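Asks: Same order as they appear, the protein sequences are chains A and B.
Numbered according to this note's numbering, the first sequence spans residues 879 to 953.
Numbered according to this note's numbering, the second sequence spans residues 6 to 210.
The hints are simulated quantities; they were obtained by calculation from the structure and are not laboratory data.
Just so it is clear, the structure is predicted and the values come from calculations on it, not from any experiment.
Please note that a few of the clues may not be correct.
Unchecked claim - Pairs of lysine-lysine, DSS-like flavour, derived with a Cα cap of 25 Å:
1) A/K927 x B/K195
2) B/K204 x A/K926
3) A/K926 x B/K157
4) A/K938 x B/K185
5) A/K931 x B/K158
6) B/K205 x B/K195
7) B/K190 x A/K930
8) B/K187 x A/K926
9) A/K938 x B/K187
10) A/K905 x B/K208
11) B/K205 x A/K926
12) B/K185 x B/K204
13) A/K927 x B/K185
14) B/K185 x B/K169
15) B/K204 x A/K927
16) B/K195 x A/K938
17) B/K190 x A/K905
18) A/K927 x B/K205
19) A/K882 x A/K953
20) B/K190 x A/K931
Next come the chains, spelled out residue by residue.
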Amino acid sequence: MEIKDFIANFADQFEDTDPEEITAETKFHDLEEWDSLIALAVLNMTEKKYGKKITFDEMKVCVTVENLFNVIAAK
Amino acid sequence: MITIDKTVIYKAGDFGFKNYVNLTEEESRQILNWRNNESIRRNMYNTGVIPWETHQTFIESLKERTDRFYWQVYEGDVVCGSVNLVDVNHDTGQAELGYFMAPDQMGGGKGFYFIFSVLELAFDVLGLESLYGATNEENRSATLLDEYFGFKKTGEKTLVIDGKPTMFAEHILSKEDFEKDKSEKLDIEKLLLFMRKYKKANKKV
Chain A
879 MEIKDFIANF ADQFEDTDPE EITAETKFHD LEEWDSLIAL AVLNMTEKKY
929 GKKITFDEMK VCVTVENLFN VIAAK
Chain B
6 MITIDKTVIY KAGDFGFKNY VNLTEEESRQ ILNWRNNESI RRNMYNTGVI
56 PWETHQTFIE SLKERTDRFY WQVYEGDVVC GSVNLVDVNH DTGQAELGYF
106 MAPDQMGGGK GFYFIFSVLE LAFDVLGLES LYGATNEENR SATLLDEYFG
156 FKKTGEKTLV IDGKPTMFAE HILSKEDFEK DKSEKLDIEK LLLFMRKYKK
206 ANKKV
């Protein structure tokens with residue numbers, strides 16, 4: 879599981895957000911398009927692409943995309 | 006004929022529904038604090054801050070009323086929001102639906118299951134025939150989910166909120182439309198496909 883691929887897959891869940899805007903340091907909860915449904919899409923993506931399941935609460939406490947990657951990678 | 010018992014804790018999916026009239030003071034204050042949170046009240050008809058005394062009087066009035074019901078919604082040990090049915094017509098089974106999630110429960114994807122269980126409560130548990138409501142059109146997640154669950158738009162109304170004209174979409178959902186392909190509605194892949202199409206069709210310019 880590479881962070882570069884994860885960022886690309888993460889960015890792919892958005893429709894209106896420029897993928898260039900999303901980096902490892904991005905505070906994803908602050909993105910204008912971030913909402914409950916994008917969160918659901920990200921959870922679905924981590925399960926489908928990486929076979930790893932995380933909870934809403936685990937995702938909620940992550941601040942940056944890299945934090946989220948680390949939580950998933952540690953599963 | 007619809008019968009709703011305020012003393013019953015209703016269950017739908019993984020969620021429980023406890024009537025406001027049975028809440029402890031601490032639970033009532035928690036609900037009011039959430040309702041007064043800016044992120045919640047900006048989507049309400051009345052966006053003002055409600056004082057505790059007014060809330061207490063309101064809860065007291067609910068004890069006698071048979072046309073409006075408010076519940077605290079919880080999942081396991083976590084209280085996650087509030088749902089209400091107002092102008093309940095016990096003969097036709099029609100009511101206006103309102104709900105909000107706790108601010109700390111938003112943005113985690115739980116809203117989808119929360120709303121589904123609210124609809125199950127209304128149609129499958131309480132036996133209502135149709136629900137109507139209005140959603141602030143700027144609340145894109147809510148309008149998307151309304152459409153996904155089968156609400157049909159019946160009109161629009163403009164309300165002046167914080168001195169600014171705000172458009173609300175009016176919609177209605179029948180029990181028949183909700184029950185149609187109900188199990189498929191919980192399919193996340195189906196929801197995500199719908200979300201992509203919806204966002205493309207409603208892309209911001």
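Asks: Take the hints in turn and mark each one as holding or not.
Replies: Do the hints match the structure? See the list:
At roughly 17 Å between alpha-carbon atoms, A/K927 and B/K195 fall within 25 Å of each other, so this suggested pair holds. For the given pair, B/K204 sits about 22 Å from A/K926 by alpha-carbon distance, which is consistent with the 25 Å threshold. Distance restraint check for A/K926 and B/K157: the Cα-Cα separation of roughly 32 Å exceeds the 25 Å cut-off, and the hinted pair is therefore not satisfied. Our distance criterion of 25 Å between C-alpha atoms is broken by A/K938 and B/K185, whose separation comes to about 33 Å.
For the proposed pair A/K931 and B/K158, the alpha carbon gap of about 36 Å is over 25 Å, so the pair is violated. For the hint linking B/K205 to B/K195, the alpha-carbon distance of about 16 Å falls within 25 Å, and the restraint holds. Taking the CA atoms of B/K190 and A/K930, the gap is about 23 Å. The hint holds against a cut of 25 Å. Our distance criterion of 25 Å between C-alpha atoms is met by B/K187 and A/K926, whose separation comes to about 23 Å.
Taken as a hint, the A/K938 and B/K187 pair is broken in the structure, with Cα atoms around 29 Å apart against an allowance of 25 Å. Of the supplied pair hints, the one linking A/K905 and B/K208 holds, its CA atoms being roughly 23 Å apart against a limit of 25 Å. About 23 Å separates the Cα atoms of B/K205 and A/K926, which keeps this hinted pair within 25 Å; it holds. For a cut-off of 25 Å, the pair hint linking B/K185 to B/K204 stands: about 24 Å separates their Cα positions.
The suggested pairing of A/K927 with B/K185 is violated, with an alpha-carbon distance near 31 Å, which exceeds 25 Å. Straight-line distance between C-alpha atoms of B/K185 and B/K169 comes to about 38 Å, which puts the hinted pair past the 25 Å bound. For the proposed pair B/K204 and A/K927, the alpha carbon gap of about 23 Å is at most 25 Å, so the pair holds. Our distance criterion of 25 Å between C-alpha atoms is met by B/K195 and A/K938, whose separation comes to about 24 Å.
Between B/K190 and A/K905, the direct Cα distance comes to roughly 31 Å. Violation of the 25 Å bound is thereby established for this hinted pair. Annotation: proposed proximity of A/K927 to B/K205 holds, straight-line Cα distance about 24 Å (limit 25 Å). About 18 Å separates the Cα atoms of A/K882 and A/K953, which keeps this hinted pair within 25 Å; it holds. Taking the CA atoms of B/K190 and A/K931, the gap is near 21 Å; set against the 25 Å cutoff, the hint holds.
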